[in-house]
Each structure stands twice: as structure tokens, then as C-alpha cells.
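Novice: As given, the protein sequences belong to chains X and D, one line each in that order.
Number 107 in this note's numbering belongs to position 107 of the first sequence; there are no gaps in the numbering.
Number 282 in this note's numbering belongs to position 282 of the second sequence; there are no gaps in the numbering.
Hints were generated in silico from the structure; no laboratory data involved.
Glycine included, C-beta positions come from ideal geometry on N, C-alpha and C.
Check the hints yourself; a few may be wrong.
Some chain X residues close to chain D (C-beta under 8 Å, calculated; not the full set) [unchecked claim]: (1) Met52; (2) Asp95; (3) Ala324.
The following label-pair restraints were derived from C-beta to C-beta distances [claimed, not checked]: (4) Phe193/D x Val269/X: 37 to 43 Å; (5) Gly260/D x Arg97/X: 54 to 60 Å; (6) Arg238/X x Ala324/D: 47 to 53 Å; (7) Gln176/X x Ala29/D: 53 to 59 Å.
2 protein chains.
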Amino acid sequence: MTAPRYDVLGIGNAIVDVLARAEDDFLVAQGMRKGAMALIDEARAESIYAAMGPAIEISGGSAANTIVGVASLGARAAFIGKVKDDALGKVFSHDIRAAGVGFATSPAADGPSTARCYVLVTPDGERTMNTYLGAAQHLRADDIDEAMVGDAAITYLEGYLWDPPEAKAAFKRAAQIAHAAGRRVALTLSDAFCVDRYRDEFIDLIRSGTVDIVLANEGELRSLYQTADFDSAVAELRADASLAVVTRSEQGCLVVTRDGTQAVPASTVERVVDTTGAGDLFAAGFLSGLARGRDHVTCAKLGALAAGEVIQHLGARPEVSLKALAAENGLSV
Amino acid sequence: MTAPRYDVLGIGNAIVDVLARAEDDFLVAQGMRKGAMALIDEARAESIYAAMGPAIEISGGSAANTIVGVASLGARAAFIGKVKDDALGKVFSHDIRAAGVGFATSPAADGPSTARCYVLVTPDGERTMNTYLGAAQHLRADDIDEAMVGDAAITYLEGYLWDPPEAKAAFKRAAQIAHAAGRRVALTLSDAFCVDRYRDEFIDLIRSGTVDIVLANEGELRSLYQTADFDSAVAELRADASLAVVTRSEQGCLVVTRDGTQAVPASTVERVVDTTGAGDLFAAGFLSGLARGRDHVTCAKLGALAAGEVIQHLGARPEVSLKALAAENGLSV
Numbered sequence: 001m002t003a004p005r006y007d008v009l010g011i012g013n014a015i016v017d018v019l020a021r022a023e024d025d026f027l028v029a030q031g032m033r034k035g036a037m038a039l040i041d042e043a044r045a046e047s048i049y050a051a052m053g054p055a056i057e058i059s060g061g062s063a064a065n066t067i068v069g070v071a072s073l074g075a076r077a078a079f080i081g082k083v084k085d086d087a088l089g090k091v092f093s094h095d096i097r098a099a100g101v102g103f104a105t106s107p108a109a110d111g112p113s114t115a116r117c118y119v120l121v122t123p124d125g126e127r128t129m130n131t132y133l134g135a136a137q138h139l140r141a142d143d144i145d146e147a148m149v150g151d152a153a154i155t156y157l158e159g160y161l162w163d164p165p166e167a168k169a170a171f172k173r174a175a176q177i178a179h180a181a182g183r184r185v186a187l188t189l190s191d192a193f194c195v196d197r198y199r200d201e202f203i204d205l206i207r208s209g210t211v212d213i214v215l216a217n218e219g220e221l222r223s224l225y226q227t228a229d230f231d232s233a234v235a236e237l238r239a240d241a242s243l244a245v246v247t248r249s250e251q252g253c254l255v256v257t258r259d260g261t262q263a264v265p266a267s268t269v270e271r272v273v274d275t276t277g278a279g280d281l282f283a284a285g286f287l288s289g290l291a292r293g294r295d296h297v298t299c300a301k302l303g304a305l306a307a308g309e310v311i312q313h314l315g316a317r318p319e320v321s322l323k324a325l326a327a328e329n330g331l332s333v
Numbered sequence: 001m002t003a004p005r006y007d008v009l010g011i012g013n014a015i016v017d018v019l020a021r022a023e024d025d026f027l028v029a030q031g032m033r034k035g036a037m038a039l040i041d042e043a044r045a046e047s048i049y050a051a052m053g054p055a056i057e058i059s060g061g062s063a064a065n066t067i068v069g070v071a072s073l074g075a076r077a078a079f080i081g082k083v084k085d086d087a088l089g090k091v092f093s094h095d096i097r098a099a100g101v102g103f104a105t106s107p108a109a110d111g112p113s114t115a116r117c118y119v120l121v122t123p124d125g126e127r128t129m130n131t132y133l134g135a136a137q138h139l140r141a142d143d144i145d146e147a148m149v150g151d152a153a154i155t156y157l158e159g160y161l162w163d164p165p166e167a168k169a170a171f172k173r174a175a176q177i178a179h180a181a182g183r184r185v186a187l188t189l190s191d192a193f194c195v196d197r198y199r200d201e202f203i204d205l206i207r208s209g210t211v212d213i214v215l216a217n218e219g220e221l222r223s224l225y226q227t228a229d230f231d232s233a234v235a236e237l238r239a240d241a242s243l244a245v246v247t248r249s250e251q252g253c254l255v256v257t258r259d260g261t262q263a264v265p266a267s268t269v270e271r272v273v274d275t276t277g278a279g280d281l282f283a284a285g286f287l288s289g290l291a292r293g294r295d296h297v298t299c300a301k302l303g304a305l306a307a308g309e310v311i312q313h314l315g316a317r318p319e320v321s322l323k324a325l326a327a328e329n330g331l332s333v
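Put together the whole structure using the sequences plus the hints.
Specialist: Written out as C-alpha cells, the structure is:
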């Protein structure tokens, strides 16, 4: 096995975020579940957009945010995801390439437009998401670049890929190629309601070893094992996964292995502006470190640092060089 | 004369900003004049976009930013400007209406796409702008809504309107309608290089009384009167204009009338992140106060407050309610 060309390859929904501030009352009036991601159709997208305040457009997508974070940390990164050949598709493609990420998935020439996520940021910094999947639904198994997957130390998949039905096949094919090449596969559970939609399938992916590394937050983990008791959920995860990391917002994270669990604190931040991307950027730090052979605690510190940066401004992509930020904090990937 | 329906109506180029951080070296390599606005064609737009880093898309346009500031201050605001009926045109229209601004200019069905401004923000917070005018070039005299202009206490025009040739006629028609209705007309000189392109015409607009209120920064004023000496430029402005205000960044501003000049300090800000929109938002505060009959010093304080807010984050539109911010500072329009 030769040294991999990429440290982390992400596969996920290619989405442009349409981000606005909103009061809690707006979420209630619109029937939105605060902090969650809801899937919407085009008519609902139009109606939310018409009702929401002035917005900014900024490239997003969970795994895509992670991969941009990986590149910002100085690791080698690539992404596979589907846009349409339209204005927002060009924005997504420009932004991810300009961040130094290898991205070569061919855009859809027709069909629905590039995916958009309407993100409402409430005064407490929490984000509530409404996703119109559009072109992202048409990611197919034949979009998976075999050479790219075989040449990545870690292939990182988002749980959200279970929503567009055709993407499941792409997901499974990627995991197969990665393992055939002796590489590792990571999965983020993405969202508690996403877990609720696909619980049995996600547990099967973990138990069967289709994924080697699991990333989840507390809510997703509770949803996975349908328990309110955190400790028993962690115990179940320890039995099912060989390596997992559970993020707990300001309480830091827990690295979970067969040998035991290790707690790592969160970074201290001055002011939480927008939590969009916190989990995505934690994954960026953790997986970059892991791909480069760092110990689990260092990986978790890198994750905490990257997450701490992204929650201090609007948008889910880093605004500074995470490599420089890591160096200032005595860390490197 | 009845009470006006609008406090301030802005007429200007309808533009979406594509905003990215850049090092000074990038400006040098691209042959850009730091701090200035350059007009570019579509080919140059593509080439700058391909070279620049990850960006965010956020509605802009000088007079449009001002008008959104006017609405945020709680004054009644309207805007006239030309977009195309494309993705970015929809973004511009959504954002300005969602900010509470009356906007009814019909979008162009064909021709060039919605105007974009590639804004490069250097580490010192200074912005360098490259504008592809696109659809904004097709603002015509018949786009000027006579009832709207007649019903606005102040019609505010940007000097940049002199760049798209057809917009000049729209500009002049608006001034004519406003004066016929007994209203006032304000002009911003926009940019020192813009002044350089149209010096004699701008001086004529001021001397002839086509505009009643002039807004300029120090560089634009020096360019207008082709002098390095600030005091003699101010003396010339006093002779030519009945009311003017000259902004001087962190040195505050000077209100200039036939009776004399009054200096008003800038707001204190914690950290300058991005100066895009500083002049636009100063104009928002100053004109809102003026339209509501506030004294000149109060108008200048409102301007300083609004400018101080917008330079503390990315983008040229306020992120908080300026009305609430003004109230916290003992001010109101």
C-alpha cells in the first residue's frame, strides 16, 4: 500500500447556505424545530425565503464544510458531491476549489437546481436548518471516483447522504472501494432527526464494519440508541464501534474506543455568534489528525480548536487559516 | 405640499457583492488600486473570480446599502435600480425588500446578468472593489417612478450612476421630478477615481443646484478640486454647495454650510474588520436625520453610529437594528 494522496476525502450533499438572523418567534410561526435540519421541497423553500430576512449566501454542506476545514488545517483534502451547472453551483464549486480542495464531480446539466439550505440563526447563536436537496439528490454510485477513494487515508461520509435515495448506493460503493484499498471509512450521524429516520441502517453500518470511525453529538447518540441516559448510550457505542468521538458542545468531547473513554475539553470562545458548522469543523480537526497518525487526544484538541473558530462568526467555513491557528496553540496535523 | 411617503429614496447600481479576504500581494499581482473601485468587463470578472479565495455573496451597491441603513434606522426607505431576472437578481431583490425597503424596479428579462462587485478585504480591513455593471447599465429614465420620487423627502443619487451612460438620464430626470415636487436631492461622489472620470460634470451638478446636498470623503473632495490641501478644498466646497458633509474615517466628519463648518467625531469601534459600506452607512444616518428635520450635528452622529456598526463585520449591510443601536446611544431619527 502506497502513501495516500489525500488525507481526507469527503462525500456529501453539495449545498449553498442562505443564512439569516431570525427571532425565536419566527421559528415558531414557521413550525420549525429549533436546532434541527428539516428537508423541504421547492415550494416550501420559496415560502421560507419570502418570509425570512436579508440573507447572505455562503457555501455549506456538512461534509463539504469539514473538508474545507481539513484543507485549512494544511492536510490534503478532496470532495465528491453533486451541484447543478447553475449560478449557485458555480459558487459552490469556486469556493471549495479556492479553499484548496480537490473537487471534480461533474455538475448536473439539467434537473433540479443546486441544493440550498435556509439557515436561521437565533440570538443565542443556535442554527435551525431547512434543506432543499435539489441537484444533490442525483449523486450516483458512478460519481464515486475509484482512484480518489482508493487514494484517501480516510473517506468521510455524512449521514445526510441517506436522505437522497440514490446517494446510498454511492455511499456503499465508496466504503467498499476504501476498504478494498486498505483505507478507513468515517461516518457522521449528522442530526438527531436524521438518525431517527435511518436508525437501523446506521446501526447496521457501524456493527458490520462498513464504517470504522463514528462521529456524533450527544443528541444524535441518544437518538441512535433511543435512550435518555448518556452513559448507557456510550456503553452501547463502545460495544458497536472500534473508534468513535461524541461531541458535547461547551462540555467538550469524549473519545470512545474498546479500551475506554477519554474526555477532552472544548476550546474557550469569547462569544458564540453562530453554531452552524461546529460539528463539521470538529470532524475536520479530528480526522485530519487521525489521517496523519496523531494520538486521539491531539485529534480531539484539533477538532475543538477548529469548532471554536467557526462558531465565533457567521457561516460554517473557517475565516482564518486553521493551520496558523493550530500552530499558535502548539498543535499541528 | 403633503408630508412625504418616504424619508429617503435611493437610486443607484443594484449589485451583489462577492466578498473574500485577500493579502496585499494579491492586489499587487492583479494590478488593483487598493481602496478604489475599478470597472471591469465580464472576462476580467471571470479571471478575478477564478483567482480569488472562497467568497460570500451578500447584497451590496452603494446607494442600496445606504437605503437599507435608512430602513434599519426606522425611517421610510425606497430604492430604484436595475437587476436581471436571474439568481443573483432574485437575491438582491429579496434582501432589499426583506430589509423593509420599497423596491419595484422591473428586472431586465434579457441582456447581461445582475451586476457583481468582487470585493477583496485585506488584513487591515480596507476593501478594494472590482465592479462588473451588467444589468445595472440598463437603468433608464423611464425606470424612474415619478410618484415615488415626488413622494420622497430626499432623493439620494450615487456618483457611480455616471458610469452606465443610460443611467445619467435617469439621474437627471429624478432630480428634476424631486425639485418640481419641492423635495431635496443628495449626491455622493462615490470614489476618488469616479470623481476623476466625471469631475466637471459633478462640479456642474453642484453649482447648478441639480443637487442640494453633497456627501464626500476626503479623497473624493481632493480629487474634485484637484488639490492636496484639505482646507482649500473645503473652502471651494463651501462656495459651491449649500450643504455638504465630508467624512474623514477615524477623524470623524465635517458638516459644511455657507455659515461655516462643524466637526463631529467618529464612533469608537473595537476592531475594524471590513470597511466596505462605511461611507454608505454614514450617508444612511445623515440623510435619515436630515429627512426627519434633525439638526446637522445629530445627523452626523447618526451617520457615525451607522458607519461604526458596519465596519465591525464583513459586508456592507447592517447586522443589527440600527434603530435599537441609535436608541442605546440616545439618538433617534
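Novice: Compare the structure with each hint and give your call.
Specialist: Hint check results:
1. Met52: At about 7 Å, which falls below the 8 Å cut-off, the nearest Cβ of chain D leaves the hint on Met52/X intact, so it holds.
2. Asp95: holds (4 Å)
3. Ala324: violated (12 Å)
4. Phe193/D x Val269/X: 37 to 43 Å: About 41 Å separates the Cβ atoms of Phe193/D and Val269/X, which means 37 to 43 Å holds.
5. Gly260/D x Arg97/X: 54 to 60 Å: holds (56 Å)
6. Arg238/X x Ala324/D: 47 to 53 Å: holds (50 Å)
7. Gln176/X x Ala29/D: 53 to 59 Å: violated (44 Å)
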